[in-house]
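J.: Here's the letter readout for the chains.
Number of protein chains: 2
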Amino acid sequence: MSERLIHWKNLYSFVKRVMMKCGVPEESAHHVADNLVVSNLRGIDSHGVGRVKRYVGGIKDGYIIPDIAPEVVKENSVLANVDARNGVGQNAGMFGMNLAIENGRKEGIGLVTVFNSNHYGFAGYYAMKALEHDLIGISLTNSEPLVVPTFAKDAILGTNPISIAVPGSRNRPWVMDLATSVVPRGKLEVYDRLGQKTPLGWATDERGISTEDPAKVLNNVLHGYGGGILPLGGEGELHGGHKGYGLSMMVDVLSGVLSGSNFGPDVIFRKEGAVNHPRVGHFFMVLDPAFFMGIDAFKKRMDDYIDLLYKCDKAENCPRIYVHGEKEFEMHDKRAKDGVPLDAKTVESLTGFADEYDEEIEFMD
Amino acid sequence: MSERLIHWKNLYSFVKRVMMKCGVPEESAHHVADNLVVSNLRGIDSHGVGRVKRYVGGIKDGYIIPDIAPEVVKENSVLANVDARNGVGQNAGMFGMNLAIENGRKEGIGLVTVFNSNHYGFAGYYAMKALEHDLIGISLTNSEPLVVPTFAKDAILGTNPISIAVPGSRNRPWVMDLATSVVPRGKLEVYDRLGQKTPLGWATDERGISTEDPAKVLNNVLHGYGGGILPLGGEGELHGGHKGYGLSMMVDVLSGVLSGSNFGPDVIFRKEGAVNHPRVGHFFMVLDPAFFMGIDAFKKRMDDYIDLLYKCDKAENCPRIYVHGEKEFEMHDKRAKDGVPLDAKTVESLTGFADEYDEEIEFMD
Numbered sequence: 055m056s057e058r059l060i061h062w063k064n065l066y067s068f069v070k071r072v073m074m075k076c077g078v079p080e081e082s083a084h085h086v087a088d089n090l091v092v093s094n095l096r097g098i099d100s101h102g103v104g105r106v107k108r109y110v111g112g113i114k115d116g117y118i119i120p121d122i123a124p125e126v127v128k129e130n131s132v133l134a135n136v137d138a139r140n141g142v143g144q145n146a147g148m149f150g151m152n153l154a155i156e157n158g159r160k161e162g163i164g165l166v167t168v169f170n171s172n173h174y175g176f177a178g179y180y181a182m183k184a185l186e187h188d189l190i191g192i193s194l195t196n197s198e199p200l201v202v203p204t205f206a207k208d209a210i211l212g213t214n215p216i217s218i219a220v221p222g223s224r225n226r227p228w229v230m231d232l233a234t235s236v237v238p239r240g241k242l243e244v245y246d247r248l249g250q251k252t253p254l255g256w257a258t259d260e261r262g263i264s265t266e267d268p269a270k271v272l273n274n275v276l277h278g279y280g281g282g283i284l285p286l287g288g289e290g291e292l293h294g295g296h297k298g299y300g301l302s303m304m305v306d307v308l309s310g311v312l313s314g315s316n317f318g319p320d321v322i323f324r325k326e327g328a329v330n331h332p333r334v335g336h337f338f339m340v341l342d343p344a345f346f347m348g349i350d351a352f353k354k355r356m357d358d359y360i361d362l363l364y365k366c367d368k369a370e371n372c373p374r375i376y377v378h379g380e381k382e383f384e385m386h387d388k389r390a391k392d393g394v395p396l397d398a399k400t401v402e403s404l405t406g407f408a409d410e411y412d413e414e415i416e417f418m419d
Numbered sequence: 055m056s057e058r059l060i061h062w063k064n065l066y067s068f069v070k071r072v073m074m075k076c077g078v079p080e081e082s083a084h085h086v087a088d089n090l091v092v093s094n095l096r097g098i099d100s101h102g103v104g105r106v107k108r109y110v111g112g113i114k115d116g117y118i119i120p121d122i123a124p125e126v127v128k129e130n131s132v133l134a135n136v137d138a139r140n141g142v143g144q145n146a147g148m149f150g151m152n153l154a155i156e157n158g159r160k161e162g163i164g165l166v167t168v169f170n171s172n173h174y175g176f177a178g179y180y181a182m183k184a185l186e187h188d189l190i191g192i193s194l195t196n197s198e199p200l201v202v203p204t205f206a207k208d209a210i211l212g213t214n215p216i217s218i219a220v221p222g223s224r225n226r227p228w229v230m231d232l233a234t235s236v237v238p239r240g241k242l243e244v245y246d247r248l249g250q251k252t253p254l255g256w257a258t259d260e261r262g263i264s265t266e267d268p269a270k271v272l273n274n275v276l277h278g279y280g281g282g283i284l285p286l287g288g289e290g291e292l293h294g295g296h297k298g299y300g301l302s303m304m305v306d307v308l309s310g311v312l313s314g315s316n317f318g319p320d321v322i323f324r325k326e327g328a329v330n331h332p333r334v335g336h337f338f339m340v341l342d343p344a345f346f347m348g349i350d351a352f353k354k355r356m357d358d359y360i361d362l363l364y365k366c367d368k369a370e371n372c373p374r375i376y377v378h379g380e381k382e383f384e385m386h387d388k389r390a391k392d393g394v395p396l397d398a399k400t401v402e403s404l405t406g407f408a409d410e411y412d413e414e415i416e417f418m419d
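Residue numbers (my numbering), protein chains in the order written: chain H, 55 to 419; chain E, 55 to 419.
Chain H with its partners taken away, still in its complex shape (with noise of 0.2 Å):
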């Protein structure tokens, strides 16, 4: 297998019917492949199409339940908490986002937790969901354990990212969606496969000591022998470990902890060898800037501030300040146009599901 090209339609449509013969409901296995090739076009490959093996994996192995609907279990007019039942982590997230985004249009503010829920696929999707109501969307969501808190061996924290998307006028809206790590796992893993060395301050060895060596992390990590990713900041508390360390603990308190949820190390779907519900915690928030000010005026205050960020001298040789979530806008336009790149790894595991559910998939090369 190698590297193929593929319009992003049709990888949308081919990841959709695939959940549905899995047994996701369509709207359910709508929002499954729209979230990863939406990730996939913005250039998110470690979030994309290449994790349809782990969603599919879920539901045989039974941690994810293809066709159960999410539950309110509390509300008033602006909170609620949601059981998402151990389905489908996209179908509970958009569930919990939409009722933010209703409750943040009449209310102001909207604020849906969700427990009991899968891997909903990345944090962003969600939050740029309220920018078509013209809202501030923010979402956070813990994870499986990875990362290793400040002075600690084991990895029992998640990557726990933070995203917040902000409405725009001139300037497209900002989309800010960082994991509380110093890097993902996908980058140890894009350097394990090119055989290089990671900066020493990613990743920590089985000793809990700083590491070149991305293979014998990602197999420290898999067989739980000891260290993991370091928190943003890095090793120690020199340059602020203890600070990404508070990150991640506090989107694990605000989705896993006050929601009923898993949290820290047992959000994982294998423990002592046998099949568990992950129980992923999702934490939704949606402001309405036209409480504060008229929305025109807020949106050109977002303006000027990117603005003003674009107008900063640069650095000694750096060409080009970026704002987030611009790099991934011009990747989607790019990629909407010429194709979706997929790897060859990520190619097998989709044919093999063409041939197992007996679906055509068509690639642009």
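Careful, some of the hints might be misleading.
No distinction is drawn between identical chains; accordingly, a pair holds when it is met within one copy or between any pair of copies.
[Said to hold, decoys possible] Listed next, the in silico DSSO-like pairs over lysine-lysine satisfying Cα-Cα at most 27 Å (straight line):
| id | residue 1 | residue 2 |
| --- | --- | --- |
| 1 | 160 | 128 |
| 2 | 368 | 325 |
| 3 | 128 | 354 |
| 4 | 325 | 365 |
| 5 | 325 | 353 |
| 6 | 128 | 251 |
| 7 | 270 | 325 |
| 8 | 388 | 365 |
| 9 | 368 | 270 |
| 10 | 251 | 368 |
| 11 | 325 | 354 |
| 12 | 114 | 75 |
| 13 | 368 | 354 |
| 14 | 353 | 381 |
| 15 | 107 | 270 |
| 16 | 270 | 365 |
| 17 | 353 | 128 |
Simulated from the structure, these hints should not be mistaken for lab results.
Place chain E on chain H using the hints.
T.: For chain E alone, coordinates are given in the frame of chain H:
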């Protein structure tokens, strides 16, 4: 002048009286004195009574109006936006946080933004106020430009802190309070005073390149020659500097842009040589865990989380794992008993105010 030791009650009383002599009403003077002294007690001396000098200066210069009351300009049962009318930052901050707490107790959530404010002390002070009511507290503020966006030469962002306080039961509350930069300015000042080089990756010089010279950085920042403190994650994107840059912007968007306050490079008290209202913006949010589950069940979950961290295997040569706020609680207990140490510069400024305002200051040594 040399270092002195003072009982916190005497320090509080002295600062309060000086603020009142400057025209600050008693309740507002209490908020300032309590905020600064609690900061010293917790060991965060950069935000302690050394700041009195700047506050008195701000009142004399006219950009802090000592006796003006904050005003709610927009509110519903959950949200509010408050005009601080260029008054005392701590007074506006407590007004905003108290309103968020009041709404949070009734509705399960309260969110208040404050605009046209001044420096409000340390962010964690407000977040911790929620703990008295078994609530989760969040406090954000923008601040004067000291931080360079990734690939930029100019310091146009603040150290814009994020604080969250979460109640526990067996274990002490979890209190995270962090600047979104690698280090606060105070850290560079400490290295400068000791004549030590700072690690590469903390700050950039006038070309925008990482430097080890804290004196140069402090001077450059003061005169706007270029460079500044790096965002959490350090220089460039290799270790996630763009993430700290994003988090700093997120704080600015939520506290400055959304509230209608100043943001980015405008949060300064001197502009083109003239005195200027910095129009600082704050953001306060309160969540009631009792909406989601029984408060005791929630506290037990937080206790369990913190126990997990304590039970973690330690990295080689690391004797202890800390949770956020723990060092500060320990320091608080120690200094409440043994007295608060003040450095020579702070002693000099306080005794100067004792003379100027004819107030007694009583040291322990």
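J.: None of the hints should be skipped; say for each whether it holds.
T.: Hints versus structure:
In this homomeric assembly, residue 160 and residue 128 come within 27 Å of each other (Cα to Cα) both inside a single copy, at 18 Å, and across copies, at 15 Å. Taking identical chains as interchangeable, the C-alpha atoms of residue 368 and residue 325 lie at most 27 Å apart only when they sit on different chains, with a minimum of 22 Å there against 49 Å within one chain. For the homomeric pair residue 128 and residue 354, the shortest alpha-carbon distance between copies (20 Å) is at most 27 Å, but the shortest distance inside one copy (37 Å) is not. Taking the closest pair of Cα atoms, residue 325 and residue 365 come within 27 Å of each other only across two copies (19 Å); inside a single copy the shortest separation is 51 Å, beyond that limit.
For the homomeric pair residue 325 and residue 353, the shortest alpha-carbon distance between copies (25 Å) is at most 27 Å, but the shortest distance inside one copy (47 Å) is not. In the homo-oligomer, the alpha carbons of residue 128 and residue 251 never lie at most 27 Å apart, since the shortest distance is 49 Å inside one protomer and 55 Å across protomers. Taking CA atoms no more than 27 Å apart as the test, residue 270 paired with residue 325 passes inside one copy only; the shortest distance there is 22 Å, against 53 Å between copies. When the C-alpha separation of residue 388 and residue 365 is checked against a cutoff of 27 Å, the pair qualifies only within one copy, where the shortest distance is 25 Å, while the shortest distance between copies is 48 Å.
Taking the shortest Cα distances, residue 368 and residue 270 sit within 27 Å of each other only across copies (19 Å), while inside one copy they are farther apart (38 Å). Within a single copy, residue 251 and residue 368 get their C-alpha atoms only as close as 29 Å, which misses the 27 Å cut-off; across copies the closest is 25 Å, which meets it. Taking identical chains as interchangeable, the C-alpha atoms of residue 325 and residue 354 lie at most 27 Å apart only when they sit on different chains, with a minimum of 23 Å there against 50 Å within one chain. Taking the shortest Cα distances, residue 114 and residue 75 sit within 27 Å of each other inside one copy (12 Å), while across copies they are farther apart (73 Å).
Only within a single protomer do residue 368 and residue 354 lie at most 27 Å apart by alpha-carbon distance; the minimum there is 24 Å, versus 49 Å between protomers. For the homomeric pair residue 353 and residue 381, the shortest alpha-carbon distance inside one copy (20 Å) is at most 27 Å, but the shortest distance between copies (41 Å) is not. When the C-alpha separation of residue 107 and residue 270 is checked against a cutoff of 27 Å, the pair qualifies only within one copy, where the shortest distance is 24 Å, while the shortest distance between copies is 53 Å. In this assembly of identical chains, residue 270 and residue 365 lie within 27 Å of each other by CA distance solely across copies; the values are 24 Å between and 43 Å within a copy.
Proximity of residue 353 and residue 128 under a CA criterion of 27 Å is satisfied inter-copy only: 19 Å between copies versus 34 Å inside one chain copy.
In summary, the structure is inconsistent with hint 6 from the numbered list given earlier, while agreeing with all the others.
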